[in-house]
Amino acid sequence: MGSTIFAVLLPIALALIMFGLGLTLTVEDFARVLRYPKAAVIALVCQMILLPAVCLGLIYLFGLDGALAAGMMLLAASPGGPSANLFSHIAGGNVALNITLTAVNSVLAVFTLPLVVALSFSLFLDDSESIGLRPDKFAQVFAIVLIPVAVGMFVHHRYTAWSERMRGAVKILSIVVLVLVVTAAVAKNFDTLTENIGKLASICLLFAVISLTVGYFAPKLFKVETDEAIASAMEIGIHNGAIAIAVATSVLHNNPMAVPGAVYGVLMNLPAAAAAYLLARHTRRTQAAPQHTVTGTA
Numbered sequence: 005m006g007s008t009i010f011a012v013l014l015p016i017a018l019a020l021i022m023f024g025l026g027l028t029l030t031v032e033d034f035a036r037v038l039r040y041p042k043a044a045v046i047a048l049v050c051q052m053i054l055l056p057a058v059c060l061g062l063i064y065l066f067g068l069d070g071a072l073a074a075g076m077m078l079l080a081a082s083p084g085g086p087s088a089n090l091f092s093h094i095a096g097g098n099v100a101l102n103i104t105l106t107a108v109n110s111v112l113a114v115f116t117l118p119l120v121v122a123l124s125f126s127l128f129l130d131d132s133e134s135i136g137l138r139p140d141k142f143a144q145v146f147a148i149v150l151i152p153v154a155v156g157m158f159v160h161h162r163y164t165a166w167s168e169r170m171r172g173a174v175k176i177l178s179i180v181v182l183v184l185v186v187t188a189a190v191a192k193n194f195d196t197l198t199e200n201i202g203k204l205a206s207i208c209l210l211f212a213v214i215s216l217t218v219g220y221f222a223p224k225l226f227k228v229e230t231d232e233a234i235a236s237a238m239e240i241g242i243h244n245g246a247i248a249i250a251v252a253t254s255v256l257h258n259n260p261m262a263v264p265g266a267v268y269g270v271l272m273n274l275p276a277a278a279a280a281y282l283l284a285r286h287t288r289r290t291q292a293a294p295q296h297t298v299t300g301t302a
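For the record, in the sequence shown the residue sitting at position 11 is 15 according to the working numbering, with numbers rising by one throughout.
Treat the hints as calculated values from the structure; they're not laboratory data.
Some clues are possibly wrong.
[Said to hold, decoys possible] Pairs of lysine to any residue, SDA-like flavour, derived with a Cα cap of 20 Å:
1. Lys175 - Ile16
2. Lys224 - Val37
3. Lys42 - Phe221
4. Lys175 - Val186
5. Lys224 - Met52
6. Lys175 - Leu90
7. Lys227 - Arg39
8. Lys203 - Leu271
9. Lys175 - Val270
10. Lys224 - Thr287
11. Lys42 - Glu32
12. Lys224 - Leu48
Computed from a predicted model, the values in this text were never measured in an experiment.
Could you put the whole structure together from the sequences, leaning on the hints where they help?
Quick look at the structure:
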């Protein structure tokens, strides 16, 4: 009975989160990628190619296998999480770029996520269960990821005043729902979690730190503006654990695969908060430096 309730409520919970995302998006958010082409391309390449490769390396380094290894790959393939914009704002990032990256990432994830999961199934699980070559599973991913976003965007376009009034409440409700989803996933797989907590906590924290670091320094290597690099770091470093949990349980019907997403959903807040604090301090110091120079010269 509990499993049935969880299986029914989880897609509804994710739909609410993605609907809330849709309320913040417009068609212009997708077009905005043309204003930040270099930053957007670098961030998307890191998100879709580099980080799954890094995650695969960490899986082998920590000796993770089976459903937990596949769950980590599922997490790595998931787009940015709903709190990325908040951390980016705190850190002094370009939140408009965050919104654009989230929008584009959510669309691309429908195509890249099944490919990454198909690879992980062939490496760590029974390849015949993979969603990569199954149209019904692909359609389910499309339904739980993109349809609620599209509905939210339509509501925002058609009932703009109402959506702007409700945006804050929906965002708070989405965060509450996300916490409940993570808690439920942990409770449902408590034995798997306790048996692997040390290994999972280590790999999730390290993956979060590497994701944030790559997200910031890869754009900086290509002379991207600091606020855009900060947006990239937060978008890449904060994966959508709710999508990973929902796909694992509702699409793949593999509950242990949801555990890495749940662990990451909790632990990633620690390095994300630390990164936001350090980047905000660096941004303030950088902005204050020219003023001190002028004052000293005078």
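Checklist entry - Which numbered conditions among the earlier hints are violated in the structure presented, ordered from lowest to highest? => result none
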